[in-house]
Amino acid sequence: MHADAQKDAILQERDAFSGRDLRKIYVTGETEVHALRGVDFDICEGEVLVLLGPSGSGKSTLLNIVGGLDRPTSGTLHYRDTELTALDDRDLTRFRRAHMGFIFQFYNLIPSLTAEENVRLVTDIAVDPMDPADALALVGLAERKHHYPAQLSGGEQQRVAVARAIAKQPGVLLCDEPTGALDSQTGVRVLETLEAANRDLNTTLLIITHNAGIAAMADRVFHFLDGRIARIETNARRIHPSEISW
Amino acid sequence: MKALDLKLVRDLWRMRGQAFAIAIVLAAASATFILSMGVHRSLYETREAYYSENNFGDVFANLTRAPRNVVDRVAALEGVQQAQGSILQYAILDFPDRVEAVRALLQSVDERGRDRINLVTLKTGRMPALDAPGEVVVDNAFAVANDVGPGDEFDAIIYGRKQRLRIVGVGFAPNYVNALAPGDVVPDDTRFGVFWMGEKALEAATDRTEAINALSVKLQRGASEADVIRAIDSILEPYGGTGAYARNDHPSHIFLDSELDQLEAMVTIFPPVFLLVATFLVYVVLGRMIRTQRSLIGLFKAFGYSDAAIAGHYLKFAIAIAILATILGALSGVWMARSLTELYARYYHFPILLFSFAPSVFLGASALAIASASIGAISGVWSAARLTPAVAMSPPPPPVYRAGAVERLGQKAGFTAIGHMIVRHIARWPTRSAMTVGGVALSMGLLFSTLQFIDSSEFMLESYFFRSQQQDISVTFTEARNEDVLYELAQMQGVLRVEPVRGLSVEMSHGNKVERTALEAIPQGAKLSARIDQDGNVIDMPPGGLMLSRQLADQLGVEAGENVYVKMLGGRRTEALLPVGAMVDEFIGNRAYATQSTISVLARDGAPVGAAMLLIDGAKRDEVLTDLKAMPAVLSIGDRDLEMTRFKEMIDDNINTMIFFYIGFASAIAVGVVYNSARILFSERAHELATLRVLGYHRIEVAVVLIGQIALLVVMSVPVGLFIGYWLAQLMLRMFGSDLFRLPFAPSNATYAESAIVVLIAAMLTAVVVARRVMRLDMVRVLKARD
Chain A
684 MHADAQKDAI
694 LQERDAFSGR
704 DLRKIYVTGE
714 TEVHALRGVD
724 FDICEGEVLV
734 LLGPSGSGKS
744 TLLNIVGGLD
754 RPTSGTLHYR
764 DTELTALDDR
774 DLTRFRRAHM
784 GFIFQFYNLI
794 PSLTAEENVR
804 LVTDIAVDPM
814 DPADALALVG
824 LAERKHHYPA
834 QLSGGEQQRV
844 AVARAIAKQP
854 GVLLCDEPTG
864 ALDSQTGVRV
874 LETLEAANRD
884 LNTTLLIITH
894 NAGIAAMADR
904 VFHFLDGRIA
914 RIETNARRIH
924 PSEISW
Chain B
23 MKALDLKLVR
33 DLWRMRGQAF
43 AIAIVLAAAS
53 ATFILSMGVH
63 RSLYETREAY
73 YSENNFGDVF
83 ANLTRAPRNV
93 VDRVAALEGV
103 QQAQGSILQY
113 AILDFPDRVE
123 AVRALLQSVD
133 ERGRDRINLV
143 TLKTGRMPAL
153 DAPGEVVVDN
163 AFAVANDVGP
173 GDEFDAIIYG
183 RKQRLRIVGV
193 GFAPNYVNAL
203 APGDVVPDDT
213 RFGVFWMGEK
223 ALEAATDRTE
233 AINALSVKLQ
243 RGASEADVIR
253 AIDSILEPYG
263 GTGAYARNDH
273 PSHIFLDSEL
283 DQLEAMVTIF
293 PPVFLLVATF
303 LVYVVLGRMI
313 RTQRSLIGLF
323 KAFGYSDAAI
333 AGHYLKFAIA
343 IAILATILGA
353 LSGVWMARSL
363 TELYARYYHF
373 PILLFSFAPS
383 VFLGASALAI
393 ASASIGAISG
403 VWSAARLTPA
413 VAMSPPPPPV
423 YRAGAVERLG
433 QKAGFTAIGH
443 MIVRHIARWP
453 TRSAMTVGGV
463 ALSMGLLFST
473 LQFIDSSEFM
483 LESYFFRSQQ
493 QDISVTFTEA
503 RNEDVLYELA
513 QMQGVLRVEP
523 VRGLSVEMSH
533 GNKVERTALE
543 AIPQGAKLSA
553 RIDQDGNVID
563 MPPGGLMLSR
573 QLADQLGVEA
583 GENVYVKMLG
593 GRRTEALLPV
603 GAMVDEFIGN
613 RAYATQSTIS
623 VLARDGAPVG
633 AAMLLIDGAK
643 RDEVLTDLKA
653 MPAVLSIGDR
663 DLEMTRFKEM
673 IDDNINTMIF
683 FYIGFASAIA
693 VGVVYNSARI
703 LFSERAHELA
713 TLRVLGYHRI
723 EVAVVLIGQI
733 ALLVVMSVPV
743 GLFIGYWLAQ
753 LMLRMFGSDL
763 FRLPFAPSNA
773 TYAESAIVVL
783 IAAMLTAVVV
793 ARRVMRLDMV
803 RVLKARD
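Residue numbers (the working numbering), protein chains in the order written: chain A, 684 to 929; chain B, 23 to 809.
Just so you know, these hints were derived from the structure itself, not from any lab.
Incorrect hints may appear among the rest.
[Stated by the list, open to error] Chain A residues, not near chain B, derived (Cβ > 10 angstroms throughout):
| no. | residue |
| --- | --- |
| 1 | Arg773 |
| 2 | Pro794 |
| 3 | Ala809 |
| 4 | Gln852 |
| 5 | Leu884 |
| 6 | Gly896 |
[Stated by the list, open to error] These stretches of chain B come out as covered by chain A in the derived footprint (C-beta under 8 angstroms, 3 or more residues):
| no. | segment |
| --- | --- |
| 7 | 399-410 |
| 8 | 491-498 |
| 9 | 706-715 |
| 10 | 718-732 |
| 11 | 794-805 |
Where a beta carbon is used, it is the ideal one built from N, C-alpha and C, also for glycine.
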């Protein structure tokens with residue numbers, strides 16, 4: 684069977700996430716901020732999803748909730764057969780440890796650890812991790828594994844962060860503005876790495892971005908506005924990151 | 023309030039935990055300063071006022087017997103302002119319900135009130151009247167300890183005759199601020215007191231009509247003490263003078279002086295340690311605060327605030343902490359000073375001894391606190407003032423890490439990534455890490471050097487009571503006796519062995535150093551009075567030479583093999599140059615020993631028997647004591663076990679009060695240092711810790727980064743702390759020792775362990791308190807805020 688057809692079959696078979704009426708209210712002092720105002724969605728395994736929308740529209744809040752970093756005020760969220768909204772802090776940590784990979788705009792590498800050690804931070808506690816050196820090789824940094832973050836360029840640092848995220852072979856990669864701090868050439872490189880993880884490891888990708896061009900590499904695009912998913916766009920064809928117009 | 027000052031107040035409030043932790047350490051400095059300086063001052067001023075009010079003498083002399091007119095001859099000497107003769111006589115009091123003997127030193131006072139030196143201050147009652155032979159004034163400590171007062175009567179044996187005494191007053195005198203019974207090492211007010219009796223009455227009771235046996239002299243301003251002493255000695259020579267001595271050798275004065283020296287030692291050791299640590303803490307905390315407020319500083323400067331205004335702003339932060347510390351320190355210092363003064367009031371007989379508030383002491387304490395906080399602030403304040411707005415507003419360059427030597431070993435040993443994070447952070451900030459280690463180590467050292475005082479005093483006790491003394495009971499005679507008394511003692515039921523103690527009062531000199539001491543004879547084959555070394559072996563008496571206690575040898579600056587010049591005080595006043603053959607480690611007193619034959623060189627007819635040592639049958643103890651009490655020749659009876667118990671009590675009393683404070687002080691340092699290190703560590707690493715949580719590390723695993731780093735630093739501080747303690751303890755022992763006793767350095771292993779454990783517990787509890795913040799870490803918020 685052709686690889687794409689195989690993937691289509693899986694997509695139809697299984698939902699990675701399903702969220703129902705998710706709401707999030709932040710209370711700061713006397714003001715209430717409604718970050719999510721009732722969001723419903725299903726995300727399939729192996730899907731590439733891009734979240735677009737202006738600042739404060741709720742996309743980061745959703746990403747945090749999906750990643751088990753935060754809890755909704757109300758609503759339910761399932762990952763495969765597990766109801767995430769019912770888990771306590773300990774089990775949420777376990778969930779992150781087992782299934783989630785995170786990539787942030789500012790890399791969040793530990794400055795006192797080398798590239799390889801930053802990756803080991805994850806492989807030390809993961810169930811079935813890759814070898815840290817292999818993960819770095821996948822992002823093209825095999826030669827720089829003994830360098831500290833301060834000795835790497837921004838793009839290299841972000842690739843270390845990608846290697847750190849994929850080293851545990853996670854089910855889902857959550858990327859919050861992964862290219863926000865990078866120039867276009869470096870940004871493409873990082874996106875290619877993410878795309879490869881999706882292709883080779885069948886990792887579900889959720890990418891938050893302000894860059895509408897990136898949306899073209901997704902299966903679907905969620906457009907956020909005022910705490911709601913205003914519109915869902917399905918791409919007939921995913922383009923390769925190298926084709927993205929920046 | 024100006025906006026910048028408002029910010030200061032808010033910063034202080036936001037950082038209240040850290041500011042308070044620094045304030046506690048600084049407060050400990052102020053408190054110990056106020057405690058030791060304040061008590062020193064109170065004690066010193068009370069003493070000086072008392073001495074001058076009651077006209078305490080400058081030179082004193084004892085003699086066998088001289089006609090009263092000798093006083094006029096002494097008064098006529100050049101440099102002498104006043105001279106006063108008196109009679110001193112020991113008496114045995116009859117308290118029928120007491121097994122142990124109660125003794126008194128009777129001192130004559132002029133019934134017509136013509137005394138001018140060593141005046142008695144009455145607390146209650148009146149002075150003895152003329153023609154009322156049995157009237158006495160008793161010293162206050164004795165009255166309190168035995169619950170007696172004016173109107174009470176009891177029998178006394180004075181000069182071998184029984185006489186009824188009646189208390190007419192209770193008082194104090196400057197020559198008995200501290201009164202020790204002969205043969206005792208610890209004051210015991212229940213068994214010994216000073217009584218003042220009318221001169222005529224005491225003359226009659228002791229067959230000394232118009233005669234005296236003691237002399238006190240007041241010198242003219244600028245008179246030469248040494249010249250007067252020489253002149254007095256030559257006048258008193260025919261009357262059995264035992265050598266005049268100055269106030270500095272007066273037993274009561276020496277006791278007080280050694281206490282004052284100890285307080286001075288405290289001032290020189292404790293406050294500096296606390297000040298040093300507080301300076302470190304201010305340096306570290308303010309430095310970190312300024313680093314985090316870098317962009318704010320840039321903003322203020324962009325607004326037009328001057329460098330001086332910015333510098334002043336951060337300096338005020340340090341000074342505010344110092345002011346808080348001074349208040350805390352003053353409150354606790356005064357409270358501690360009060361309890362210490364109360365303790366002193368129990369041991370020293372002053373009409374009034376109160377802790378007096380001296381503004382200068384408080385000013386001194388606050389000046390020290392402010393100075394040390396300001397010194398700590400200098401580097402941070404300077405860096406804040408120097409920042410240019412443009413540089414300040416751009417983020418600081420990221421810290422650069424590299425793997426050090428230890429680390430590479432760690433890599434081989436298979437450190438986890440968390441292990442690397444801990445070790446590299448320590449190596450990245452070596453100054454701060456060293457300060458944390460140093461601070462915790464100092465607290466450990468301080469605790470060790472105070473806790474070991476217990477070991478030291480126990481070792482001293484053990485040595486004094488078990489090695490130096492093999493007798494059960496020692497008996498001091500009212501005056502020197504011949505051999506007959508020994509036979510009499512040996513005949514008593516229950517007495518197993520009797521050995522005489524023969525001693526001479528001598529003056530020893532070596533180079534320009536002179537010491538007055540007792541030279542004791544050790545008879546051949548002596549068992550009870552043999553000198554024993556630390557391993558329990560008898561030290562052989564050097565034939566023809568002297569054996570000196572180490573204390574005396576140190577005072578004279580003499581080594582074994584050298585010669586000392588020995589002059590007999592009183593009697594024949596023979597002089598001889600004798601070799602020092604051996605040393606004996608005795609911690610109490612500064613005695614010298616010689617063989618019987620060596621002593622005969624000085625005193626041709628041998629030394630008189632002044633005391634005896636008895637080994638008794640334990641089952642017949644009470645009978646022996648009762649029989650001894652009935653012997654008119656016996657002045658005092660020393661019970662080794664009882665005396666040891668009292669000594670222990672006195673030490674416990676003194677040391678336990680202080681130990682309680684010092685455990686508090688040491689913990690304050692450890693808590694202050696660890697709390698601040700942990701808080702800074704947490705604020706620096708919050709972002710990394712949150713990242714670890716995101717990556718799937720549990721809260722406990724993340725807390726390990728923080729606790730692990732602190733634990734590693736604290737563990738590193740253990741050897742450093744014990745090393746500091748080892749030296750600090752010896753310094754303190756040297757400073758606390760006096761002419762009266764020497765403290766041995768003999769810490770037990772338990773003391774090493776206890777000091778480490780107390781500090782480790784204080785440190786780790788503090789780290790855990792800070793680590794609880796890790797538990798509350800909000801991942802989303804921390805990750806949103808760029809460091």
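Outside-interface status for Ala809 (chain A) - nearest CB in chain B farther than 10 angstroms: 8 angstroms, violated
When I compare C-beta atoms, does the segment 706-715 of chain B have three or more residues closer than 8 angstroms to chain A? Contact hint for the segment 706-715 of chain B vs chain A: holds, 5 residues under 8 angstroms.
Gly896 (chain A) remote from chain B - nearest C-beta pair above 10 angstroms: 25 angstroms, holds
With a cut-off of 8 angstroms between beta carbons, are at least three residues of the segment 399-410 of chain B near chain A? Since 0 is below three, the answer is violated.
With a Cβ-Cβ cutoff of 8 angstroms, does the segment 718-732 of chain B contain at least three residues near chain A? holds (count 5)
Outside-interface status for Arg773 (chain A) - nearest CB in chain B farther than 10 angstroms: With a cut-off of 10 angstroms, Arg773 (chain A) comes too close to chain B, as the shortest Cβ separation is near 7 angstroms.
So Gln852 (chain A) supposedly isn't at the interface. Is its beta-carbon more than 10 angstroms from every beta-carbon in chain B? 13 angstroms, holds
Regarding the assertion that Leu884 (chain A) does not contact chain B, is the least Cβ-Cβ distance greater than 10 angstroms? Leu884 (chain A) clear of chain B: closest Cβ-Cβ about 18 angstroms, beyond 10 angstroms.
If you count the residues of the segment 491-498 of chain B with a beta-carbon closer than 8 angstroms to a beta-carbon of chain A, do you get 3 or more? violated (count 0)
Just want to verify: Pro794 (chain A) was marked as not at the interface with chain B; is every Cβ pair farther apart than 10 angstroms? 6 angstroms, violated
Count the residues of the segment 794-805 of chain B whose Cβ falls closer than 8 angstroms to any Cβ of chain A, and tell me whether that reaches three. holds (count 3)
Consistency with the previously given hints fails for numbers 1, 2, 3, 7 and 8, ordered from lowest to highest.
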